[in-house]
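Taken in sequence, the protein lines are chains W and Z.
Just so we're aligned: 128 in the numbering used here is position 127 of the first sequence, and the numbers increase by one with no gaps anywhere.
Just so we're aligned: 344 in the numbering used here is position 50 of the second sequence, and the numbers increase by one with no gaps anywhere.
Result set (DSSO-like, lysine-lysine): computed pairs, CA atoms no more than 30 Å apart in a straight line:
(1) 348(Z) / 337(Z)
(2) 337(Z) / 199(W)
(3) 337(Z) / 66(W)
(4) 450(Z) / 29(W)
Derived by calculation from the structure, the hints in this document are not laboratory data.
No experiment lies behind these values; they were computed from the predicted model shown.
One-letter residues, chain by chain:
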Amino acid sequence: MDRREARSILSLHRADEPVNDERLAQAKELAAKDPELARWWAEDQEIDDAIATQLAAVSVPADLKARLTSRAKPLATPQSRWRRPALLAVAAIVVLAVFFGLWKGPLKPAASLADYRAEMVRFFSVWQPLDLETNNLTDINRFLAKSGAPSGFDIPQPLRDLEPVGCTKLRFRGEDVAVICFKRGNGKLAHLFVINRKAIHGLGPSPNFANQGNWATAAWARGDCDYLLTVQGDQREAAKLIGNS
Amino acid sequence: MIDFNGLVDSFYTALYRFALSLSRRESDAADLVQQTFYIWALKGHQLRDESKVKTWLFMTLYREFLARRRHDDRFIDLIDGDTRLIDAPHLSPAAVDALDAATVQEALHQLDARYRAPLTLFYMQQHSYREIADILSIPLGTVMSRISRGKAELRKALENSIEYDARKVVHMERRQVHG
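Using the sequences and the hints, build the whole thing.
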């Protein structure tokens, strides 16, 4: 075994790891006799530790745990309960599906507008790649339809007059969200989020305006969809773009 | 019997970080974690060996990710026959000092998904190679070679990301344009 081969093996293992492989044993033996190789291995592990430390520092959404644990506690179900009548099992699955966002029927609980708005604004608060970059609204509609996201929805005329940049598909609580981005001038954009109307609680046809950080938002319902527009600026900008100024 | 809150508490952050490295989007990652615990709610009782819970959760999340990607026709994970290990270049001390979570995450996202998944699990330092092979349903030798090659790719990406300020400027400009 030469030094290069030893490096490629040692790089995948830690010094304190038990030896259970002949090639690793040979590589470790070589490192024990070769100070330069031993130094290289120590440095390699320091780099890996630094990367691992930073990966462990990637932030997790503050509300994620609450979203997971505030639902039903289905896991306490002992195995014997599954032997109960089939109707009970079906009922349990429906309850779980409702709570975990998979149920597509009328019983699905709607999320609050505040949660939805906060999550959508957070998504675009850092730069995100779009699934499709194009200034052709027909192509955008076709792409969204193919991806299974809401499509063919009603876009307010002032927004339609802007040049589209592209679109992307997101997921929110188990529902697809269509996002179309438009150029507003001055290098700024407007983002239109469209989701199935049943997904958000309490939205009506009259626009609901709110600020979320630096973003002005307008939300309203029309037809089968809930709409959310986000723009950087004040609420007049949002109102103008939905034809409500 | 496994306590649900305890299970969430033990694994949700690691599952989320794994999901984020796969999906690249916070909303998709949170959705994958939620879906994983939902599937656990339906099928977890079938798991007889409680010591396999961690592997089961990560495997379920990964399969859910693959199912969604295949649905979108974007990702096919071919098992390559090349199991050679390579000698990954070292980062400069300056690059190691400049590492932060965002840079590591961004560099990981530049990698092909077939390297990104095993490499993320490797850097989580919670899984043996055998467990990573089980989670990803690929042979052990393939796991080793993908981690080996993935490490080399990741270090190149990190070195480039930290070394070339111009790249960061371009990135910032894109962010501004998008705001």
